[in-house]
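Colleague: Protein chains in written order, with my numbering: chain X, 294 to 594; chain R, 280 to 828; chain S, 95 to 273.
Hints in this document: simulated from the structure, not taken from any laboratory. One or more of the hints may lead you astray.
[What the hints assert, rightly or not] EDC-like cross-link-like pairs, simulated, lysine to aspartate or glutamate; straight-line CA separation at most 16 Å:
| no. | chain 1 | residue 1 | chain 2 | residue 2 |
| --- | --- | --- | --- | --- |
| 1 | S | Lys105 | R | Glu620 |
| 2 | X | Lys325 | R | Asp563 |
| 3 | R | Lys526 | R | Glu725 |
| 4 | R | Lys313 | R | Asp299 |
| 5 | R | Lys526 | R | Glu728 |
| 6 | R | Lys606 | R | Asp711 |
| 7 | R | Lys600 | S | Glu183 |
| 8 | R | Lys774 | R | Asp647 |
| 9 | S | Lys99 | R | Asp626 |
| 10 | R | Lys588 | S | Glu130 |
| 11 | S | Lys112 | R | Glu620 |
| 12 | R | Lys575 | S | Glu130 |
| 13 | R | Lys401 | R | Glu319 |
| 14 | S | Lys98 | R | Asp626 |
| 15 | S | Lys141 | S | Glu183 |
| 16 | R | Lys399 | R | Asp369 |
| 17 | R | Lys606 | S | Asp163 |
| 18 | R | Lys600 | S | Glu130 |
| 19 | S | Lys216 | S | Asp163 |
| 20 | S | Lys105 | R | Asp563 |
| 21 | R | Lys623 | R | Glu701 |
| 22 | S | Lys102 | R | Asp626 |
| 23 | S | Lys105 | R | Asp626 |
| 24 | R | Lys651 | R | Asp326 |
| 25 | R | Lys774 | R | Glu474 |
[Stated by the list, open to error] From the derived model, a few chain X residues whose C-beta atoms are all more than 10 Å from chain R:
| no. | residue |
| --- | --- |
| 26 | Lys347 |
| 27 | Val393 |
| 28 | Gly564 |
| 29 | Leu591 |
Positions of the beta carbon are idealized from the N, C-alpha and C atoms, including for glycine.
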Amino acid sequence: MWLAISLYIVLILVFLLIPPLYDGIERKIRAKLHSRIGPPTPLQTWYDILKLFKKELVITDTGLASVLLSGLLMATVIITAFTLPLGFSTPITSNGSSLVLFTILLIGCQLLWVSLTLTPGNPYATIGVFREALIGMINEFFLVMGLVALMFYTGSSSFDGIIRARPSLTYLLIFALIAVSAFIGSGRIPYDIAEAEPELASGVLIEFSGPLLGITLYSHYLKRAILYGLLADMIVLPLTRIIGIVASALIYPVVVLAIWIVFAVISVMLGRTRVDIAPRSMLKIYIPLTIAMLIAWLVGV
Amino acid sequence: MSVKEIMDIIREKLGGIAEDIRYVESAGIIVRVKPVNLREASHIVHDVLDAYFRTMMAVDERPINNTFAAYYVYGLDDKGINIIIEAHADPYTPVLPSIADIVPAADWYELEAWDLLGIKFKNRKLHRFVLPDDWPEGLYPLRRDVDYTVRPSPRITYKPPLQGPRLPVGPYHPALHEPEYFELFVEGERVVDVEYNGFHVHRGIEKLAESPRFTYQKIPFLAERICGICGFVHSVAYTLSVENAAKIEVPERAQYIRSIVLEVERLHSHLLWLGVACHLLGYDAGFMHSWRIREKVMVLAELLTGSRKTYGINLVGGVRKDINMDKITAIRNTLAWLRSEFAKLADLVTSVPQIVRRARGTGILPRDEARKLSVVGPVARASGLDRDVRRDYPYCAYKDVSFRVPVYTEGDNLARVMVRVEEIFESMDIIDQLLDKLPGGPIMAEKMEVPAGLVGIGNVEAPRGEDIHIIITGRGRPYRWRVRAPTYQNIPALKVMLRDAPLADAPLTIASIDPCFSCTDRIVVIDLKTGKREKLQTVSIPGECGCEI
Amino acid sequence: MSLKKLLKPFKLISIAHKSGVVTVLYPYQKPLITTEFRGKISIDATKCMGCGACVNACPPNALTLSRRDDTIVLNYFIGRCIFCGRCAEVCPVGAITVTHEFELASASTRDLNESLVHRVEKCSGCGGGLGATSRMLQYVILRSPASENYVHLCPNCRKKKLIQSLAMKMGARTEDYEG
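Go ahead and model the full structure; you've got the sequences and the hints to work with.
Modeller: Here it is in structure tokens:
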């Protein structure tokens with residue numbers, strides 16, 4: 294028990310600090326694929342965020358709402374991180390309905406993100422928010438469906454159910470469904486149209502600067518890490534039965550990084566989609582995947 | 280068809296209204312008409328003879344013949360001959376009939392002539408176009424009696440903000456890398472109308488060239504600075520116009536070197552553009568790799584000319600830098616490398632699903648609209664107009680090489696991408712052919728004299744389309760030098776392309792004409808600081824971000 | 095859609111791998127410059143004679159010549175220079191060379207100005223300013239040796255000398271012209 298708690302304290306600290314580093318690693322890898330040197334060190338994203346915190350806080354007419362909401366967003370994202378098992382089951386996540394709580398918090402993050410980006414009332418940001426909301430709605434629907442399927446499949450509304458999960462085609466397809474929604478939900482090309490630089494001048498982020506932008510960016514990276522952490526949990530948690538919690542806790546950050554890099558490489562290969570094409574292309578992936586998952590479940594493979 | 284036969288046709292069609300028809304080898308067939316007959320003559324040349332509108336030069340000819348003159352240049356592309364309609368207006372109250380309804384492409388030219396020379400065009404709306412809003416009324420900077428050093432104090436103006444939901448794209452916008460302003464009126468994500476507000480960066484180059492600070496041999500360097508990407512085309516077009524006017528014999532070798540450098544410039548310009556297009560579509564890998572390839576072309580340009588950009592090797596009469604065997608080997612090696620690398624890149628870029636999805640069927644410019652606006656370059660060729668100055672009005676060494684002019688009929692962004700991709704391959708072939716045939720001899724003309732009072736036209740197919748310069752020679756420097764950059768002709772087509780299209784396509788569509796705003800803005804001496812600030816104020820709309828929806 | 099076509103964008107990895115890293119750590123690594131590169135010019139003070147041929151050719155007026163009574167100053171303002179090298183081409187004595195230097199940014203405009211001060215020769219007749227440097231005179235003498243006799247005189251003294259010698263030929267006495 295004490296082992297689990299001390300392990301958890303270390304890991305949650307690592308988990309809260311590591312997302313910007315992962316982004317730095319992503320930038321280095323992206324630079325390699327672009328045949329350029331890229332940022333001097335993988336810590337560059339951290340330096341960027343720290344530098345933003347050193348800048349003065351600019352409060353516009355609607356700035357107060359932005360400040361409050363960004364603080365709320367960051368707090369919610371951090372709380373969400375606490376409800377995620379980090380490669381092993383913690384006192385919080387072994388709770389009877391921890392998966393439900395996690396799902397609700399994740400949706401809460403999304404809603405806060407949308408309301409935060411609505412605050413400046415800038416036309417670019419407003420168009421960006423509409424795009425975000427459109428994509429978010431479709432994506433959240435399938436993410437929640439994937440999580441619900443997971444609950445039914447494991448027969449438990451707690452993360453602990455995943456520990457007992459046996460590898461099967463159904464499990465794989467649920468994983469794929471959640472993976473796709475994690476990819477899209479983490480705002481990557483081709484689905485980063487809310488921040489689409491060329492036409493919207495970084496869209497939803499346009500009015501944020503200094504510490505406000507720092508908080509927003511950090512929340513963004515942490516949310517990304519949470520989504521990939523969920524996927525990593527689906528891989529690592531069943532392994533705890535075999536390798537024990539210390540080993541799984543140690544490989545957990547590596548698995549998150551691996552998922553991060555795979556997603557980063559995929560998004561480098563692709564271009565940005567358009568808001569009217571995006572829903573169609575998303576449904577083209579989601580609907581066959583959902584049907585396949587249901588069939589596999591019914592057949593029982 | 281010979282010049283004589285065309286003259287006969289023109290005599291037959293225009294004989295009734297023309298005051299004088301003459302053929303000038305350095306320019307074309309010049310038809311002088313009375314202002315009252317200008318509309319009819321324009322209609323006959325533009326619609327009956329089916330000539331493209333190429334450019335219009337308005338000149339203050341009061342010191343010569345006490346009139347304001349306007350020269351409308353039309354081109355019979357298939358015959359490679361210009362028809363120039365010349366009309367003279369009264370020196371005190373210059374008025375000419377407007378032809379913008381007959382020749383839509385002439386719209387901008389009339390506004391410009393009104394702004395800069397004070398020539399009034401009847402039966403159309405005239406408004407501030409090139410000059411900033413705070414420029415005083417009644418001061419026409421291109422008139423001969425206005426000194427080039429004049430800096431008037433700004434006039435305070437107030438323009439009420441327009442109503443309706445709109446989205447500013449510019450003057451500083453990440454999608455446009457130059458100061459230009461598009462006001463997109465949007466409904467949701469759909470663009471319903473476009474307002475264009477340009478000329479933020481005029482430098483008064485035409486006026487400057489007429490000033491005593493410049494001489495014939497200094498202007499090539501000035502002309503080269505019209506554009507930061509395709510500057511060499513401007514210096515070639517200028518030197519060609521002077522050489523044509525003064526009948527200077529330019530050595531063959533110099534002609535070849537100019538052509539080679541022009542094609543090298545096209546290579547780097549198209550590669551740059553392809554990179555930017557990829558970036559706008561979110562495919563940064565294509566952007567980076569396109570520029571990686573382009574870098575080799577830049578190094579090659581530096582080896583050939585001494586500079587990566589603004590090569591500075593052109594003078595009236597020839598070029599300053601010769602090509603030796605080492606350089607020829609370097610060109611051949613670079614081309615061989617470029618061929619394989621670019622083929623791989625083009626294959627890669629066109630395999631990215633989002634690129635093709637978003638380029639196909641967007642930003643469509645139908646053929647008839649393209650014809651009406653006499654658009655040029657890849658924009659024309661992607662809309663089914665088969666025109667290329669290199670083939671239609673051969674200059675430099677292009678008469679000695681054979682090449683294909685890619686023409687697509689779709690008129691969408693993808694067609695414009697494909698035209699440019701194919702042109703890159705054609706350019707490499709052209710350079711190879713030129714190197715095979717490169718003649719020996721001097722690179723600079725021996726005899727050079729430029730008498731005053733001659734007209735000359737120089738045209739070059741720039742990467743962005745036809746670039747055309749007209750010159751009236753003066754003593755020691757041009758009397759009038761009219762530059763018409765390709766983007767000037769292509770921007771009006773953007774209105775057609777952007778309307779009723781998704782907002783997300785707007786940056787790509789704007790970029791698809793490969794706009795070069797500094798090329799287009801080259802007309803007038805203004806106090807940049809006050810002019811610009813005033814302009815910004817009038818377009819900014821209350822609200823903390825300077826815009827509202 | 096075939097799988098091959100779907101996987102084609104992944105060719106990027108092989109392209110990127112083959113081309114390696116092409117950017118450099120500027121300014122720690124020097125960027126590539128070819129032998130033909132034109133940078134700022136350098137004026138050889140031991141050769142320049144202050145004739146101003148470069149000033150006439152300079153398109154952006156980066157080179158300027160200011161004449162005062164006893165000096166001619168050739169000033170090179172790098173801030174205006176377009177690095178075309180026309181000056182090097184037209185210099186009659188080859189005093190100007192184009193260098194490869196291009197990192198010229200400076201916090202002070204003083205660093206962007208280079209001046210070359212020439213002393214103006216005095217007229218050997220009246221001692222007034224001649225408007226030319228000694229190197230210019232040597233250059234003229236070298237080109238047309240016959241000019242050696244009057245090149246050191248100012249136009250006024252030259253006129254005087256000419257009239258004097260003409261008058262002498264016609265038989266006038268020297269003392270008529272003194273004072």
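Colleague: Look at each hint and say if it fits the structure.
Modeller: Right, here's what the structure says about each hint:
1. For the hint linking lysine 105 of chain S to glutamate 620 of chain R, the alpha-carbon distance of about 13 Å falls within 16 Å, and the restraint holds.
2. At most 16 Å may separate the alpha-carbon atoms for a hinted pair to count; lysine 325 of chain X and aspartate 563 of chain R meet this at roughly 12 Å.
3. Proposed proximity of lysine 526 of chain R and glutamate 725 of chain R is supported: the alpha carbons are some 13 Å apart, at most 16 Å.
4. With a C-alpha separation of about 10 Å, the suggested pairing of lysine 313 of chain R with aspartate 299 of chain R holds against the 16 Å cut-off.
5. About 9 Å separates the Cα atoms of lysine 526 of chain R and glutamate 728 of chain R, which keeps this hinted pair within 16 Å; it holds.
6. For the suggested pair lysine 606 of chain R and aspartate 711 of chain R, the alpha carbons sit about 13 Å apart, so the restraint of at most 16 Å is met.
7. At roughly 11 Å between alpha-carbon atoms, lysine 600 of chain R and glutamate 183 of chain S fall within 16 Å of each other, so this suggested pair holds.
8. Straight-line distance between C-alpha atoms of lysine 774 of chain R and aspartate 647 of chain R comes to about 14 Å, which keeps the hinted pair within the 16 Å bound.
9. In summary, the hint linking lysine 99 of chain S to aspartate 626 of chain R is supported, as the alpha carbons are separated by about 11 Å, within the 16 Å threshold.
10. Restraint check for lysine 588 of chain R and glutamate 130 of chain S: satisfied, since their Cα atoms lie roughly 13 Å apart, inside the 16 Å limit.
11. Pair hint lysine 112 of chain S plus glutamate 620 of chain R holds up; C-alpha atoms about 11 Å apart against a cutoff of 16 Å.
12. The hinted pair formed by lysine 575 of chain R and glutamate 130 of chain S meets the criterion: a straight-line CA distance of about 15 Å does not exceed 16 Å.
13. For the hint pairing lysine 401 of chain R with glutamate 319 of chain R, the CA-to-CA distance comes to about 15 Å; that is within 16 Å, so the pair holds.
14. Restraint check: the Cα-Cα separation between lysine 98 of chain S and aspartate 626 of chain R comes to about 13 Å, which is no more than 16 Å; the hinted pair holds.
15. Distance restraint check for lysine 141 of chain S and glutamate 183 of chain S: the Cα-Cα separation of roughly 15 Å lies within the 16 Å cut-off, and the hinted pair is therefore satisfied.
16. A threshold of 16 Å between alpha carbons decides the hint, and for lysine 399 of chain R with aspartate 369 of chain R the separation of about 11 Å falls inside it, so the pair holds.
17. Restraint check for lysine 606 of chain R and aspartate 163 of chain S: the C-alpha separation of about 49 Å exceeds 16 Å, so the hint is violated.
18. Only pairs whose Cα atoms come within 16 Å are accepted, and lysine 600 of chain R paired with glutamate 130 of chain S is accepted, the gap being roughly 10 Å.
19. This hinted pair checks out: lysine 216 of chain S and aspartate 163 of chain S have alpha carbons roughly 10 Å apart, not beyond 16 Å.
20. Simply put, lysine 105 of chain S and aspartate 563 of chain R have alpha-carbon atoms about 15 Å apart, close enough for the 16 Å limit, and the pair holds.
21. Between the alpha carbons of lysine 623 of chain R and glutamate 701 of chain R the distance comes to roughly 14 Å, so the proposed pair stays at or under 16 Å and holds.
22. For a cut-off of 16 Å, the pair hint linking lysine 102 of chain S to aspartate 626 of chain R stands: about 9 Å separates their Cα positions.
23. Between lysine 105 of chain S and aspartate 626 of chain R, the direct Cα distance comes to roughly 9 Å. Compliance with the 16 Å bound is thereby established for this hinted pair.
24. Between the alpha carbons of lysine 651 of chain R and aspartate 326 of chain R the distance comes to roughly 10 Å, so the proposed pair stays at or under 16 Å and holds.
25. Our distance criterion of 16 Å between C-alpha atoms is met by lysine 774 of chain R and glutamate 474 of chain R, whose separation comes to about 8 Å.
26. Remark: the non-interface label on lysine 347 of chain X is consistent with the geometry, its nearest Cβ contact in chain R lying 24 Å away (cut-off 10 Å).
27. Once the 10 Å rule is applied to beta carbons, valine 393 of chain X is consistent with being away from chain R; the minimum gap is 35 Å.
28. Its closest Cβ contact with chain R, about 3 Å, brings glycine 564 of chain X to no more than 10 Å, contrary to its assignment away from the interface.
29. Distance check for leucine 591 of chain X against chain R: the nearest CB is about 32 Å away, which clears 10 Å, and the non-interface claim stands.
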